[in-house]
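Asks: Please work from the sequences and hints to get the whole structure.
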Amino acid sequence: MFYRQYRPNAVLISASRIISKENTSEQMFTETKKKKKKERKKPPTKQHIELEYRPTNPMHLIQLVLAYLLLLPFSLCASPNAVKLTELAKESENFIIDIHNSDLSILDGPRDYYTVLIFTSTDPSHGCSQCSNVYEFISLVSKSWFQDYLDSHLLTFINIDLNDPKNGKIFGMVGLQTVPHIWLIAPNLSAEYGNPNKIFEDAHLQFKVPQVSRDEQALEFGKFLTDHLQRSILIREQNPLFKFVKTFIITFSVIVIIRKKGPSKLTGTKKKTIVSLLAIAVVLLFTCGYQYTIQNAVPFIAKDDKGGLVVISGGQHYQFGIETFLVAANYASLAAAVLSLTYIGSYNVNEKSLIKNAYIKSLLVLINAVVLYLLYSSLTSIVLRKDHGYPYHFTKLF
1 MFYRQYRPNA VLISASRIIS KENTSEQMFT ETKKKKKKER KKPPTKQHIE
51 LEYRPTNPMH LIQLVLAYLL LLPFSLCASP NAVKLTELAK ESENFIIDIH
101 NSDLSILDGP RDYYTVLIFT STDPSHGCSQ CSNVYEFISL VSKSWFQDYL
151 DSHLLTFINI DLNDPKNGKI FGMVGLQTVP HIWLIAPNLS AEYGNPNKIF
201 EDAHLQFKVP QVSRDEQALE FGKFLTDHLQ RSILIREQNP LFKFVKTFII
251 TFSVIVIIRK KGPSKLTGTK KKTIVSLLAI AVVLLFTCGY QYTIQNAVPF
301 IAKDDKGGLV VISGGQHYQF GIETFLVAAN YASLAAAVLS LTYIGSYNVN
351 EKSLIKNAYI KSLLVLINAV VLYLLYSSLT SIVLRKDHGY PYHFTKLF
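Its first residue numbered 1, the sequence shown is counted upward by one per residue in full-length UniProt numbering.
Keep in mind that the hints were calculated from the coordinates and are not lab data. Every residue, glycine too, gets a C-beta built ideally from N, C-alpha and C. Incorrect hints may appear among the rest.
Derived DEER-like restraints, expressed as beta-carbon distance ranges [said to hold, decoys possible]:
#, residue 1, residue 2, range
1, S377, E93, 45 to 53 Å
2, F394, Q230, 53 to 61 Å
3, V370, L205, 29 to 37 Å
4, Y390, S105, 54 to 62 Å
BS3-like, lysine-lysine: derived pairs with alpha carbons at most 25 Å apart [unchecked claim]:
#, residue 1, residue 2
5, K208, K198
6, K208, K169
7, K261, K272
8, K169, K198
9, K143, K246
10, K272, K260
11, K208, K223
12, K261, K246
13, K223, K143
14, K143, K208
15, K84, K143
16, K260, K246
17, K223, K166
18, K386, K396
19, K271, K261
20, K270, K260
21, K386, K208
22, K143, K243
23, K223, K90
24, K198, K84
25, K271, K260
26, K166, K198
Replies: This is the structure in structure tokens:
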């Protein structure tokens, strides 16, 4: 319905101009000015307003609806294949779809969604200890993604596991000789039906698994997806209260079992001695970076790209969990060697002593000194792995 407002005064002004052709232009201007002042003083009343009704054309409404539909982003309309993959993900464990018999028919045709391909192997004979860890942190990310973007149909997770021997055909097709591998493949609306294996011909991005803790790996993978999908992913970690309760119960149970069922030498030890040993152990652990490993949830040990163990990390600002215990044991051994050297050096050799010969005493002192040298060299070798310019080292052992 449209409305139009008529102003009779404006009509009068136009009429006055037509009637007063014989008047001078100055008189016309004066009359017009007076009439405008009167209009400002008089508020509009119902008599001054006339309404005109125009019926609405149904075609205008239809055109408006069609225009609105055409302006909707095409990306909001997910394809049936994308919706089907989301439904399969809901039925799958951790929202990750497993492939069997090298059958990739679910990826056939045009793809308006991103695809994460996980090449892995849970077969124990393949000896891939990292594969289970990869599946864990990807599961953490996939559950977080579908919790936030369940109806977006924008991303699907596909797991190709060599535990199914028939999946080896895919590995041979792609040319992969090692596991794990994580690929991110972008949408391809021009892909044709009939050959789903052509997805491997599309360009892909590979996520390199960092040698950090599982939680940090999940954060890095989430950031990797966020950068390319432009969707922020909130990683849901384990409930900290549940983690604390579980740790407390396990620790308390171990202490009770040792006190009740442990050997007599251990259960009969004085509390003062136990407290002293625990205090020394705690001081050593916290001095060697135990708190850092807990706060940053670093892995206890890692492997390099060739599958070899990495015990000592490079760089001064990072360390693995095993380094805490290695350095603590090195410090404890150094302290024991110093005390032993002091004790042997001041040992009184006589007929009743255990060491009845001065030559044996000298030999023990020499052996102790060599052990002390090697322990210090071991400690400084660890430092050299992290700081190549460290000047106060002896022999570099590794």
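Asks: What are the numbers of the hints the structure violates, in ascending order?
Replies: Numbers 3 and 17, in rising order.
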